[in-house]
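Take the sequences, apply the hints, and build the full model.
Read left to right, the sequence shown gives residues 1 to 70 (the working numbering).
Please note that the accuracy of each hint is not assured.
Dumping the calculated EDC-like pairs for lysine to aspartate or glutamate here, alpha-carbon to alpha-carbon at most 16 angstroms [as the list claims (entries may be wrong)]:
(1) Lys57 x Glu22
(2) Lys69 x Glu22
(3) Lys30 x Glu10
(4) Lys13 x Glu58
(5) Lys69 x Asp41
(6) Lys30 x Asp41
Restraint ranges, calculated between C-beta atoms of paired labels, are given here [what the hints assert, rightly or not]:
(7) Ser9 x Asn34: 25 to 33 angstroms
(8) Arg52 x Thr21: 29 to 37 angstroms
(9) Ser50 x Asp6: 16 to 24 angstroms
(10) Ser48 x Glu22: 15 to 23 angstroms
(11) Ser50 x Thr21: 12 to 20 angstroms
No wet-lab data here; the hints were simulated from the structure. Ideal placement from N, C-alpha and C gives every residue a C-beta, glycine not left out.
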Amino acid sequence: MQQQYDRTSELEKQVMSLLATENQPVNVAKLLQNGQISSSDLLNALQSLSRRCLIEKEASLYTLSPVLKQ
Numbered sequence: 001m002q003q004q005y006d007r008t009s010e011l012e013k014q015v016m017s018l019l020a021t022e023n024q025p026v027n028v029a030k031l032l033q034n035g036q037i038s039s040s041d042l043l044n045a046l047q048s049l050s051r052r053c054l055i056e057k058e059a060s061l062y063t064l065s066p067v068l069k070q
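This is how it looks when you write it as structure tokens:
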């Protein structure tokens with residue numbers, strides 16, 4: 001798991017940090033409010049993290065994988 005985390009970009013780490021502060025799944029609009037990330041960068045980071053199973057997506061809501069929250 002550490003190797004996966006080490007391979008993430010600074011932007012992806014920032015997105016994961018934002019998701020870690022949320023107790024419930026959040027939508028893209030809420031993530032855009034909380035950070036200084038452009039919408040295109042945020043969408044690219046979410047897509048990349050989702051492909052690597054580091055975050056979970058339900059409908060249009062995102063949450064950090066339970067394994068990473070621990």
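For this session: Could you grab the alpha-carbon distance between Lys30 and Glu10 and see if it respects the 16 angstroms cut-off?
Result: violated (20 angstroms)
Exercise. Should the hint that Ser50 and Asp6 are 16 to 24 angstroms apart at their CB atoms be regarded as holding?
Worked result: holds (19 angstroms)
Exercise. Is the Cα-Cα distance between Lys13 and Glu58 16 angstroms or less?
Worked result: Distance ~20 angstroms between Lys13 and Glu58 Cα, so the pair is violated.
For this session: Please test the hint of 15 to 23 angstroms on the beta carbon pair from Ser48 and Glu22.
Result: holds (19 angstroms)
For this session: Go ahead and decide if the range 25 to 33 angstroms is satisfied by the Cβ distance of Ser9 to Asn34.
Result: With a Cβ separation near 18 angstroms, Ser9 and Asn34 fall outside 25 to 33 angstroms, so the hint is violated.
For this session: With a cut-off of 16 angstroms on the C-alpha distance, tell me whether Lys69 and Glu22 pass.
Result: Judged against 16 angstroms, a Cα distance of about 10 angstroms means the pair holds.
Exercise. Given the proposed pairing of Lys69 with Asp41, does the C-alpha separation stay at or below 16 angstroms?
Worked result: violated (23 angstroms)
Problem set entry | Holds or violated: Lys57 to Glu22, with C-alpha atoms at most 16 angstroms apart | holds (14 angstroms)
Exercise. Does the hinted range 12 to 20 angstroms hold for Ser50 and Thr21 at CB?
Worked result: holds (19 angstroms)
Exercise. Does the Cβ distance between Arg52 and Thr21 fall inside 29 to 37 angstroms?
Worked result: Violated, at about 20 angstroms.
Exercise. Can the restraint linking Lys30 and Asp41 be considered satisfied, given a maximum Cα separation of 16 angstroms?
Worked result: holds (15 angstroms)
Against the hints set out earlier in the document, violations occur for numbers 3, 4, 5, 7 and 8.
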